[in-house]
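A.B. asks: Chain by chain, the residues:
There are 2 protein chains.
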Amino acid sequence: MGEKGQAVSKEITPQSENFSRWYLDTIRKADLMDYAPVRGCIVFKPEGYELWERIQGAMDRRFKETGHRNAYFPMLIPESFFQREKEHVEGFSPELPWVTEVSGEKLEERLALRPTSETVIGYMYSKWIKSYRDLPVLINQWGNVFRWEKRTVPFLRTSEFLWQEGHTAHASEEEARRETMRMLEIYREVVERELSIPVWAGQKTPSERFAGAVDTYSIEAMMKDGKAVQAGTSHYLGDKFARGFDITFLDRDNQLKYVHTTSWGASTRLIGAVVMVHGDDRGLAVPPHIAPTQVVMIPVGPMNQRAAVLERIDRLAAALLDAGVRVRTDLREETPGWKFNEWEMRGVPLRIEIGPRDVERDQVVAARRDTGEKTVLPMAAVVASVRDLLEAIQENMFHKALLFREEHSHTDIEGIEGIKEHIAHAERENGIAGWVLGGWCGAAECETKVKEETGFTARNIPFSPPVRKDVCICCGRGAAHTVWFSRSY
Amino acid sequence: MGEKGQAVSKEITPQSENFSRWYLDTIRKADLMDYAPVRGCIVFKPEGYELWERIQGAMDRRFKETGHRNAYFPMLIPESFFQREKEHVEGFSPELPWVTEVSGEKLEERLALRPTSETVIGYMYSKWIKSYRDLPVLINQWGNVFRWEKRTVPFLRTSEFLWQEGHTAHASEEEARRETMRMLEIYREVVERELSIPVWAGQKTPSERFAGAVDTYSIEAMMKDGKAVQAGTSHYLGDKFARGFDITFLDRDNQLKYVHTTSWGASTRLIGAVVMVHGDDRGLAVPPHIAPTQVVMIPVGPMNQRAAVLERIDRLAAALLDAGVRVRTDLREETPGWKFNEWEMRGVPLRIEIGPRDVERDQVVAARRDTGEKTVLPMAAVVASVRDLLEAIQENMFHKALLFREEHSHTDIEGIEGIKEHIAHAERENGIAGWVLGGWCGAAECETKVKEETGFTARNIPFSPPVRKDVCICCGRGAAHTVWFSRSY
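Taken in order, these protein sequences are the chains called A and B. Per our numbering, residue 1 is the first one in the first sequence, and the count goes up by one each step. Per our numbering, residue 1001 is the first one in the second sequence, and the count goes up by one each step.
Some hints could be false.
[Stated by the list, open to error] Simulated pairs of lysine-lysine, DSSO-like, Cα-Cα distance not exceeding 30 angstroms:
1) A:K150 to A:K29
2) A:K257 to B:K1029
3) B:K1029 to A:K64
4) A:K127 to B:K1339
5) A:K130 to B:K1339
6) A:K339 to B:K1400
7) B:K1150 to B:K1130
8) B:K1374 to A:K29
9) B:K1029 to A:K150
10) A:K339 to B:K1130
It should be emphasised that the hints constitute simulated quantities derived from the structure, not laboratory data.
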């Protein structure tokens, strides 16, 4: 039995037993995905895809409000394009699938399935941008990308995934850097407000930079196994791609200059993050803002008194729909208890139960997925109450996740030995190692040593760390940065 | 000079001189697209992509209202999958690009870039569908597809394009056929109401069927050069893919049966159709429902009296935005005349001019893109008037297109010689051959002969032809069907 006496689905491995198994059980049982017949690819089933549609909606609206427009560039990228930015080709070559033939004929030049589109977009921008009057260019693209990685995890790391990639060009470094930060802030806002996932915004260390970037920034989220997920990245690319693709403009001072570019992306891995941040041993838990179904209504009580109940359910469903609430009713033949478990497992934020006594008393019973709490709502106020409850759930899910993150963030561990002891202790107790905040002198060797000896990697250098660390967690010299270290997906 | 004394852009070839050149000039000048560095691929620039976003919105809403949900299946399809439906592989093989290697390693089985997804979706449906309780399955996918065709035309036929493909599975033929028709009707509604393009809904002849379909239905639209564009297709696939992929279900009668499937698609070629149906020698003309910009406001009159004008424009822009009108203001330094041409060329449905005299008289001047008419609107009623005008333009564009289609539809031409004379006459007069309604006996040879001798192909067998033809236009025997014949894209 789970907390508050609710039955736990027998078909989901408990998180504490095996978190990876729990994750795979949950996304299958909640019908979010299926494995596809191509290595490392998944099918986004309707329940999973609708989460993505709602994340898309939340982002797309904000992109447009800040002056960006969508466009679509070709998916196939000529091999020669990758050569034009040295770090970029080194970063992505190992993961590229290649089209080499079309209907029996070999192509003269191989075409890569895009892993990201800086190159082909850079090529087009060099044709479009001539003068300072053409700047800034603020374009976003929604589409599929390919990265053939060795180890795949559904949603988090798959051979093909869906994402958006923004690509902007500016007249000055200052403006491009402002754009880089603005988009990171939009990611933070969407992930925290709409997905109820608290994140640390910060800068990536050089070793974790996007291939070809001057500076990479990220938002990082803690999963319930203590590992980190990079939930969005924003890159200041300087004039590196501008030089590679000759993107120049005639400035007001009549000088020909390179533009400064940015790129920023967020992907379907956010679906995986939602599952791993909010899910529990009963299955999925979806924040109301992005839930395909926000409220499920289930009739209870003896079948021979159902007519009045069903009439009440119909009326309430219509009223909730009118109020913009995504509601469904479950009138199947299964028992109420079976249905309760089913919809909890699928993560629906709020359940409404109506039985003959509730009809008599002109009320309904509302049960929250996040706390298990049941509340009696008088019919007269039910629509307003449901909306309030959904907002309260949205908030509470964020605060639960924040609390979890705080409990598993360690700011007082010193030295590599300290990290190792901490991890060993967590393993002994079958606990969660979580994240460690450490000073870093800035030397690549120190970062590598932490990684090799502990398995923890630098997630990012948070802009506003909870405390500033004075000494490097590896070498003990003075720290130039304060860094979150953890295992990551 | 164009009609009503408006200047014609010198940079767009007149339609009557060379329609293809007019089309290519228009889509480039209106900034809808650019050529990509990969054979037959284009870039959908923001102005073009936004047309697609609005078409998507109109369709997606209707798909969801009829119970469909979106999902996403992998883009790469194993070669063996194509073999499972014989006609399907024959139809698509000549156009397939193949992924044969990943980061230097040759794949054991080649992977095709999807030309359409019946095969991979059929494979998944065979895993998902077990019982009549699992039916119907009503899924749609938005994505990119690849068909490497010899001759490409931007939007209408490109190596990569964007589309939606619906794939449904049903317990009975009757239900599947109803679905096929329902989706065709949704296409008709979207294209006629939102794109202001009149279409003929009907059945494709067997030679024009989708590879692997039992029956294919289409909506067909007439372009301003008289050629046809297939604007959407809906297929009843019978149990052909169910047999190929073993999609069976246990029916209520405890018998194992094959499902009946449908598929239906509409693509970014609709952007090309909008251009070719509504455009004229001044450039693009976009129906208000899908126009990225519905109203452009331009200040006129002497610069030294501009302050009051600009204040008025700001106020009106805010009021229109509030009312949900997509409005923009053009305050650039160019002359009003230059701006008028520019926005006409870009197809904005309504222009509002405001000068000092208009401020004095508390009015604005509205100029329609579709008719060139100018109307004086009193400020007090301007928001309501603009909305009415936009609806009137939407309607009028449909009726203009309908009138054009009627003028170029010929129902009284008999015999192949009749078609040939008709075409020769049109060519002599530098006119438009348009469409010919003809009887057809149903023999494939007759259809082929019409095609070979005239270049006209069977577009579809309209459900409600303007008249029914009694004799085959080729052999003179009794007609089984009445068919629209024309040249097509």
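A.B. asks: Which hints, by number, does the structure contradict?
C.D. replies: As far as the earlier hints go, 6, 7, 8 and 9 are violated by this structure, in ascending order.
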